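Start from chain U and add chains L and H according to the hints.
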Amino acid sequence: MLRDITLGQYYRTESVIHSLDPRVKLVATFAFIVSLFVANNFIGYVIAALFLAMVIYLSKVPPKFIFRGMKTIFFLLLLTMVFNLFLTPGTPIVSVWKFTITQEGLKMAAMMAVRLVFLITGSSLMTLTTTPNHLTDGLERLLRPLRLFKVPVHEISMMMSIALRFIPILMEETDKIMKAQMARGADFESGSLIKRAKSLVPLLVPLFISAFRRANDLAMAMEARCYKGGDGRTKMKPLIYEKRDRLAYLVIILYLVLIVVMGRILF
Amino acid sequence: MSIILDHVNYIYDEDTAMAHAALIDVCLNIPDGQFVGLIGHTGSGKSTLIQHMNGLEKPTSGCVFYDGKDINDSDYDKKSLRAKVGLVFQYPEHQLFETDCFKDVCFGPKNLGLPQKEVELRAYEALKQVGFDDEYFYQSPFDLSGGQKRRVAIAGVLAMKPEVLILDEPTAGLDPKGREDILNLISKLHEEMGITIILVSHSMDDVANYVQRIIVMNKGRVAFDDEPKEVFKHYKELEEIGLAAPQVTYVMQELHEAGFPVDTDVTTLEDAKNEILKAFGKC
Amino acid sequence: MLRTDKLVFEYIRRDEEGNVEGITRAVDNVNLDVKPGEFIAILGHNGSGKSTLAKHFNALLYPTEGEVFVDGMNTEDDSHLWDIRQEAGMVFQNPDNQIIGQVVEEDVGFGPENMGVPTQEIWERVEESLKTVGMLQFRKSSPNHLSGGQKQRVSIAGVIAMHPKCIIFDEPTAMLDPNGRKEVIRAARALNQVENITIILITHYMEEVIYADRVFVMDKGHVEMTGTPREIFSQVDRLKELRLGVPQVTLLAHELKKAGLPLPDGVLTREEFVEELKKIKR
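Protein chains in written order, with this note's numbering: chain U, 1 to 267; chain L, 268 to 550; chain H, 551 to 832.
Just so you know, these hints were derived from the structure itself, not from any lab. Note that this is a predicted model, so its numbers are computed, not measured. C-beta atoms are modelled at their ideal positions from N, C-alpha and C, and glycine is treated no differently. Be a bit skeptical, because a hint or two may be false.
List of simulated lysine-lysine pairs, BS3-like, C-alpha gap at most 27 Å [to be verified]:
1) K545(L) <-> K179(U)
2) K179(U) <-> K345(L)
3) K195(U) <-> K486(L)
4) K545(L) <-> K828(H)
5) K690(H) <-> K60(U)
On the chain U side, residues computed to face chain L include the following (Cβ under 7 Å) [claimed, not checked]:
6) A53
7) K176
8) K179
9) A183
10) A186
For reference, chain U alone in the conformation it holds in the complex (with noise of 0.2 Å):
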């Protein structure tokens, strides 16, 4: 049951998106949510069509794959349209007793459900194409400067790589621990919510002292292995922007332009 779940669904294959230094992908899908928020009409949204099209081309992931991811989250999608479609103020078209569908409401209703579909598929590209472990470590450099202002940026990336780690491990623990107690006759599906809630107390209380025990052996393990923090540190897979990477930031600055530009000489 809980083995089902995944985290960061990464879809394994080699492509040119996948080969791109993580921090490329961050920055591009950044921009990405940054333009469809600027654009506004729509050639803008052709053009963001395009560029996502082209990238999950080159990407290798099967479409099919992408929009699996879709189902998740149709009910927000379909909320968001409602709402955009009868709360809109405009020229009314229909009306259906207290609620009135206007012309503007039908242009918003139809741009958000594009907007939310385009960021969707965008963002879930990048998690499909880079592994959870370069994210952390393409974070970790884009955050660098704010060192500056004593965020403890290398800790809290190695603090995300590791519970990356170690999610799968608790997961597994969480499940084994459900069948002893269910083995003595726990009952973790029926009865009122507060029946429920409390039949969580002989899992949890296992699972958190199984997690404080993983917690304080880790720490021992690493410090026999000489960890004391970032200072003085190599890296054995440090980040280097090679030419594809250099392109395709271009490519990321000449698809900003030609968003902004459509925008201002359409309108």
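Structure of chains L and H alone, referenced to chain U:
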């Protein structure tokens, strides 16, 4: 009260790319009161198998019967099944959670909906059965030694008055004396209470001295299922699947090859000793 | 290589309110001297103080009284802390709780990264260490998909990559199945014989210590017995008192001797046992 598995198959993560068979066509009949050793190395399917016996896992195909009834029928009461077929998991750390040992043992019978008095009586009896000292009753289970934790975990299941007791690797991580103590305890429970015991282990040495029957699992299939001495005759095949017969089996085999008139069927140290003494005319 | 001088370690037990309940002496007046290249086994039941002792060799714990020296450096001298941890590597019991990386090769590189080894050399060290423990083909795997024995070998590679002079194995096999146990012990022996690394193996599996040069048996914090495996295993009854056992063959030989067969004490292997019986027959 027997457990019958009829052509049980179990496939993990069915419908995904990760799908693999954990149990393949397993047929077993475990009659009342037997002391069974279930052996296999990690990933052989033995843990999955025992979880089918008390309904924690459901077979992909095939049936599991307890006391003549199919336990996966929709109207079968799984909760009462789990009281009758008690399962003690490998690490006591996975089940201990209460503030003191006594309360922890009460958890099982309380879940059965018994009156408080009966719950406490059962908990007391169970802790006595596993030879737990009165002075530790109200101690936190987390402060106990490994062996004592295991006793509390076993008591926690015994308090549900099971007819079958399944123990998954009850000696893992214990020192030699601790291992011996727990195995003796299990053997005592079998003799005194007459309950069926299924002892899961990857150590032949541990199991050979105690059980009446050994089931060897390999890659999801039952590889051998017989009396210990019959199973150990296949020591070469056992080795191929990454298991070994007890050391005495090898010793006797080697002595036999070296021309000593000894019986190679021996599985316990005591028998080996007598056999060798006989061969030297000292008996 | 390793030396302890009248080592004592005490910790204070507290009740739930934090009041001092008493003091427990986990290690009591231990004097050890391990020479370079030796294979040492430390035996003891659970709670005999053997793991506490081990953590002193890596400066994870500091003595309450007495001193610990690693390659001549006092562990209490802070200026040598990182040299000590690099020279005396440690492999722990639970394979899951000591692997930091999400990919095998990244985990092996963790130690060298911390030591500030240049990138190019890290790659060389990782490759060589994984090769030593026979895990090179798994270098790109996730540790979560390995067996217990394989995970422990990755941990060992992680230590070797730091180029230690000595490795302390703190019950590395306690959570493994027989196959996994064999893999780990084989790796430890190979490191000792081929790379000439000093090995301290802490365990309560008797079969694992028969290859050691010297065995220390601990009980209640002090060293109760010292000697070669053969000397130790001749004292079957004494070991039983200390909650330990002996390998099955040794026990069988012991029982036969008690029944009147003229066998020597401390028979360690099957081959030896059969040979001895043959001698008697003639």
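Exercise for the section: Mind listing which of the numbered hints don't hold for this structure, in increasing order? Expected result: 1, 3 and 6
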